[in-house]
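Given chain A's structure and the hints, the job is docking chain B onto it.
Number of protein chains: 2
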Amino acid sequence: MTFIQMLNAAWRRTGSMLCVGLDPEPARFPPPLAGRADAIFEFCRAIVDATAPYACAFKPQIAYFSAYRAEAQLEALIAYIHAQYPGIPVVLDAKRGDIGSTAALYAREAFERYRADALTVNPYLGGDSIVPYFAYSDKGVIVLCRTSNAGGAEVQLQRVGDACLYQIIARRAVEQWNTNGQLGLVVGATFPAEIAAVRRIAGDEVPLLVPGVGVQGGEIGAAVQVGRTRQGAGLLINVSRAVLYAGNGADFALAAARTAQRMRDAINIYRGFSCLN
Amino acid sequence: MTFIQMLNAAWRRTGSMLCVGLDPEPARFPPPLAGRADAIFEFCRAIVDATAPYACAFKPQIAYFSAYRAEAQLEALIAYIHAQYPGIPVVLDAKRGDIGSTAALYAREAFERYRADALTVNPYLGGDSIVPYFAYSDKGVIVLCRTSNAGGAEVQLQRVGDACLYQIIARRAVEQWNTNGQLGLVVGATFPAEIAAVRRIAGDEVPLLVPGVGVQGGEIGAAVQVGRTRQGAGLLINVSRAVLYAGNGADFALAAARTAQRMRDAINIYRGFSCLN
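Those protein sequence lines, which keep their order, are chains A and B. If you're matching positions, the first sequence starts at 104 in this note's numbering and goes up one per residue. If you're matching positions, the second sequence starts at 104 in this note's numbering and goes up one per residue.
Just chain A, with the same shape it has in the complex:
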């Protein structure tokens, strides 16, 4: 089963388009976990168990592990998700970008070492820096297009002919790079008009990973209405900090579950609206 098939099945089965981002920050862990050698794994495991009923995917951000020498905990976490929640895809958020020979090693790291189902990648080095990931034909490759941060505009909104650079990237990614249907695109929730533009370019077969909801200020309603496919799917609405740190006491997992449930429901309110179609 490919990543795209797995994701389509997860959307149907879970009735959710919420992706829970796993960005563990030890300084924010609740007291029961503080000081434990496996605190990062245990925190994430508790979040995964609490939010799995409301999530279509999990997205660990690798910097939050590598900054703390916690690669082994990341391996264990992804193995845990696969074992306990088979069918829920894991997107490794690492935004890799390098020449082909190096990209082949990043692919090996993401797909063989960590056993991720999909990886985020950076398009700045062009199509030949992305091709090596497609060698893993069952995996997903999610290309940064329009990122959720304010500074992204400096590069991504540069005007190229009658389009913005992020639209050029979206077109190339969808029309030229996506030779095996493995591709997705990242578009920040903070820029709904640009989500709409990318959906128009991408059609209904390409999933959009949408970060920036919650702490970063993106609104779920706008993002879902303009980003969903005609079938009312096609989105991974990612929420990280607003779920992970919903509570800071012993009941942090329960607080995370409640927030995840609320986010899933908020997404689902808007996926059914048809007035914009």
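None of these hints come from the bench; they were simulated from the model. Everything numeric in this text was worked out from a predicted model, so none of it was measured. Just so you know, not all the hints are guaranteed correct.
The following residues of chain A were derived to be distant from chain B, with all beta-carbon distances above 10 Å [to be verified]: (1) A137; (2) A142; (3) Y239; (4) G254; (5) D307.
Just a sample of chain A residues kept apart from chain B, beta carbon distances all over 12 Å, derived [claimed, not checked]: (6) A140; (7) A155; (8) H185; (9) A186; (10) P189; (11) S232; (12) G324.
Partial list, computed: chain B residues near chain A (C-beta under 7 Å) [stated by the list, open to error]: (13) E174; (14) A186; (15) Y209; (16) R211; (17) S232; (18) E257; (19) L260.
Ideal Cβ placement from N, Cα and C applies to all residues, glycine included.
Then chain B, alone, in the frame of chain A:
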């Protein structure tokens, strides 16, 4: 001492602008190292010892370590270089690019965990994705501008007004992002005209990291003539595979040393030419 000061001192002291790239591929290691648990460290240590007399810097590529669960060997390698060859800067090639809160963790990884002197970063997310690295005020931040691979043209040569995107990036990096003199730029040796364009934009204070010599086909002569500063310096001409795999027997380190010496000398022939100034 800052990265830029360290690099200037290394250029003067070593009389070399050769940067030795450390891209260890276990499948290409010579027989004495095959199968050893610390083979990656030992291979790189032998290369470092053999080539240090001819190098102004070392550049480990992190994918070659992380694909093989060899983070501890990378830590040990950088510590070894600092201990044995103080004053030779280590550039960690990781091409990071993420929003500010995540970039702060990548900075922690590169500068606190690995103790690199400089890090390569990707500009696609704009200036606010690069600022967090500057918080380490003695470290270097080397921004991808024009990469050495063929596919880079798809994005980096997109025309924005009367310039190419890589020139827009170079200008923004030098004029707006480089608030503390910590910045360098990556320009591939495979495109000498574009090295010249970036040097014109960057002036003589910004070092250029130039990959793509050797296996990738870039020519040293052209790269050095158009890329050097008026003082005949300013370049990190990176060679990885052509040095690392110069030999494949028990004398691999000697073969690497001879190749590094030859590369250093070839670079130095061209740094003195004045006919192009």
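Here's how the hints hold up against the structure:
1. A137: Consistent with the label, A:A137 stays out of reach of chain B, its closest Cβ about 19 Å off (over 10 Å).
2. A142: holds (16 Å)
3. Y239: Consistent with the label, A:Y239 stays out of reach of chain B, its closest Cβ about 13 Å off (over 10 Å).
4. G254: violated (3 Å)
5. D307: At roughly 25 Å from the nearest Cβ of chain B, A:D307 sits farther out than 10 Å, so the non-interface label holds.
6. A140: holds (16 Å)
7. A155: Label holds. Min Cβ-Cβ 24 Å, cutoff 12 Å.
8. H185: Non-interface label on A:H185 holds, nearest chain B Cβ at 18 Å vs cutoff 12 Å.
9. A186: The assertion about A:A186 holds, with a minimum of 20 Å to chain B.
10. P189: holds (24 Å)
11. S232: It is violated; A:S232 is separated from chain B by about 6 Å at its closest Cβ, not greater than 12 Å.
12. G324: holds (22 Å)
13. E174: holds (6 Å)
14. A186: violated (20 Å)
15. Y209: Holds - the Cβ of B:Y209 comes within 7 Å of chain A, reaching about 5 Å at its closest.
16. R211: Check passed: Cβ of B:R211 comes within 4 Å of chain A, closer than 7 Å.
17. S232: holds (6 Å)
18. E257: holds (4 Å)
19. L260: Violated: closest Cβ of chain A sits about 9 Å from B:L260, beyond 7 Å.
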